[in-house]
Amino acid sequence: MRATVLVRPKAGILDPQGQAVESSLRHLGFAVNEARVGRVVDLELDAADASEARGQLERMCEQLLANPLIESYEIELRSDT
Amino acid sequence: MTELRPRIPVVVFPGSNDDRDAQLALERLGADAPLIWHNESSLPADTAAVVLPGGFSYGDYLRCGAIACFSPIMRAVERFAAEGGLVLGICNGFQILTEAGLLPGALRANASLAFVCRDTAVRVQRCDTAFTAQCQPDQVLTIPVKHGEGCWYADPDQVAELDASGQLVLRYEEGENPNGAVANVAGVMNAAGTVFGLMPHPEHAVDPMLGSTDGSLILGSLVDAARLSTPLLV
Numbered sequence: 001m002r003a004t005v006l007v008r009p010k011a012g013i014l015d016p017q018g019q020a021v022e023s024s025l026r027h028l029g030f031a032v033n034e035a036r037v038g039r040v041v042d043l044e045l046d047a048a049d050a051s052e053a054r055g056q057l058e059r060m061c062e063q064l065l066a067n068p069l070i071e072s073y074e075i076e077l078r079s080d081t
Numbered sequence: 001m002t003e004l005r006p007r008i009p010v011v012v013f014p015g016s017n018d019d020r021d022a023q024l025a026l027e028r029l030g031a032d033a034p035l036i037w038h039n040e041s042s043l044p045a046d047t048a049a050v051v052l053p054g055g056f057s058y059g060d061y062l063r064c065g066a067i068a069c070f071s072p073i074m075r076a077v078e079r080f081a082a083e084g085g086l087v088l089g090i091c092n093g094f095q096i097l098t099e100a101g102l103l104p105g106a107l108r109a110n111a112s113l114a115f116v117c118r119d120t121a122v123r124v125q126r127c128d129t130a131f132t133a134q135c136q137p138d139q140v141l142t143i144p145v146k147h148g149e150g151c152w153y154a155d156p157d158q159v160a161e162l163d164a165s166g167q168l169v170l171r172y173e174e175g176e177n178p179n180g181a182v183a184n185v186a187g188v189m190n191a192a193g194t195v196f197g198l199m200p201h202p203e204h205a206v207d208p209m210l211g212s213t214d215g216s217l218i219l220g221s222l223v224d225a226a227r228l229s230t231p232l233l234v
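If you read the sequences in order, they're chains G and E.
Sequential numbering of the first sequence, starting at 1, is according to the numbering used here.
Sequential numbering of the second sequence, starting at 1, is according to the numbering used here.
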């Protein structure tokens with residue numbers, strides 16, 4: 001089973017990378033008001049079904065992939081191989 | 001009379017690079033500071049305190065310290081801390097302690113996004129701790145920082161709580177904050193007063209040739225406290 005985990009800086013948390021990207025985009029002439037930079041983790045995992053996979057992914061995020069104090073995460077499961 | 005040399009192991013993670021500086025500084029200040037590989041599952045016998053040194057454990061992949069906090073030795077460090085053992089984390093060691101949940105807050109990319117390497121002026125907020133006992137009240141120390149991700153963060157409520165409980169032990173002087181840390185925090189202690197982490201590198205400020213000896217006040221305080229915490233067997 002394949003999954004994508006999106007990890008983002010939580011709302012209200014200073015994101016200097018996002019600010020730098022925003023400012024660069026503005027310099028290029030794009031009317032960008034905000035940019036936030038997070039992280040994408042693509043995973044392939046063994047799980048019997050989607051709900052087991054989701055459970056595993058939740059634990060992965062809580063234990064390692066995200067720091068819940070400063071980051072939020074979003075799990076996207078894909079049924080396609 | 002020989003003074004007791006308390007045993008203060010320095011943990012070496014893959015990517016640690018200040019381990020030997022920490023060892024050298026601690027030994028000059030009177031400790032026995034063996035290096036211990038992160039894959040060990042226990043601390044040496046008679047360990048009186050533990051130091052997690054600076055560096056770039058696991059290449060800082062994912063988040064600084066996020067992977068190192070799962071090294072086998074960290075289970076032993078957690079048990080040691082739970083029993084009231086003294087633990088000091090310097091820079092990457094501080095990051096590892098926050099990721100392990102042994103210290104509050106998180107360390108994020110510097111607000112400038114630049115790696116900062118320079119002396120900083122940090123004010124000691126209290127001297128009645130195992131890590132600052134050799135300092136004078138309100139003393140300002142000159143200790144270098146060198147990091148890209150030292151911006152300590154906790155939410156405003158937590159900062160207020162930590163401030164009220166005296167856990168924000170070390171703060172950058174106004175205008176000296178090198179990384180955008182909330183409330184100018186340079187070093188934080190746990191509620192029990194036994195675990196301390198700081199971004200500045202006291203081990204790089206222990207000899208006049210290095211420009212400052214103020215770091216020995218922090219490390220020397222730890223050696224003193226470790227000496228007291230060791231059963232006097234000799």
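In short, the hints are calculated from the structure, not lab data.
Quantities reported herein were computed from a predicted structural model and do not represent experimental measurements.
Here a beta-carbon is modelled for each residue, glycine too, at the ideal position from N, C-alpha and C.
Fair warning: there could be bad hints in the mix.
To be verified - Some chain E residues close to chain G (C-beta under 8 Å, calculated; not the full set): (1) Ala66; (2) Leu113; (3) Ala183.
What the hints assert, rightly or not - Footprint (simulated), chain E over chain G, 3 or more residues, beta carbon under 8 Å: (4) 8-17; (5) 59-68.
Hints, verified against the model:
Hint on E:Ala66 holds. Least Cβ distance to chain G is approximately 6 Å, under the 8 Å limit. Interface hint status for E:Leu113: upheld, as the beta-carbon distance to the closest one in chain G is roughly 5 Å, under 8 Å. Given the 8 Å rule on beta carbons, the hint for E:Ala183 is violated: about 14 Å separates it from the nearest Cβ of chain G. Coverage of the segment 8-17 of chain G by chain E holds in this model, with 4 residues showing a Cβ closer than 8 Å to a Cβ of that chain against a need of three.
Taking a C-beta to C-beta cut-off of 8 Å, the segment 59-68 of chain G contributes 3 residues in contact with chain E, enough for the three needed, and the coverage statement holds.
When held up to the earlier numbered hints, the structure conflicts with hint 3 and nothing else.
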